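**Q** Sequence:
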Amino acid sequence: MPDVGRGAAEIRIWDASGTFRVIYVAKLPAAVYVLHCFRKKTQKTAKADLDLAAKRYRDLLKEIGR
Numbered sequence: 000m001p002d003v004g005r006g007a008a009e010i011r012i013w014d015a016s017g018t019f020r021v022i023y024v025a026k027l028p029a030a031v032y033v034l035h036c037f038r039k040k041t042q043k044t045a046k047a048d049l050d051l052a053a054k055r056y057r058d059l060l061k062e063i064g065r
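Okay, so the sequence shown: first residue is 0 according to numbering that gives the first Met the number 0, each after it adds one.
Please note: incorrect hints may appear among the correct ones.
To be verified - Here are the computed lysine to aspartate or glutamate pairs in the EDC-like style, where the Cα-Cα straight-line distance is at most 16 Å:
no., residue 1, residue 2
1, Lys26, Glu9
2, Lys39, Glu62
3, Lys39, Glu9
The hints are simulated quantities; they were obtained by calculation from the structure and are not laboratory data.
What you are looking at is a predicted structure, and each value in this text was computed from that prediction instead of being measured.
Model the full assembly from the supplied sequences, consistent with the hints where possible.
**A** What follows is the structure, given as structure tokens:
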């Protein structure tokens, strides 16, 4: 997910109640960081969801000193 940040990826989950996405990054030391998870309501991922994940990614990099 280059719109979010380097190394960010997503998991897509489908079940009877809908479609869900988890945006995460696992390429940083010591942990897998979940940046955002949400229920999809349309075919396209909303810009607000991508922007929120990208902000959390940038904040995470600042916190770990990268």
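**Q** Which of the listed hints are not met by the structure?
**A** 2
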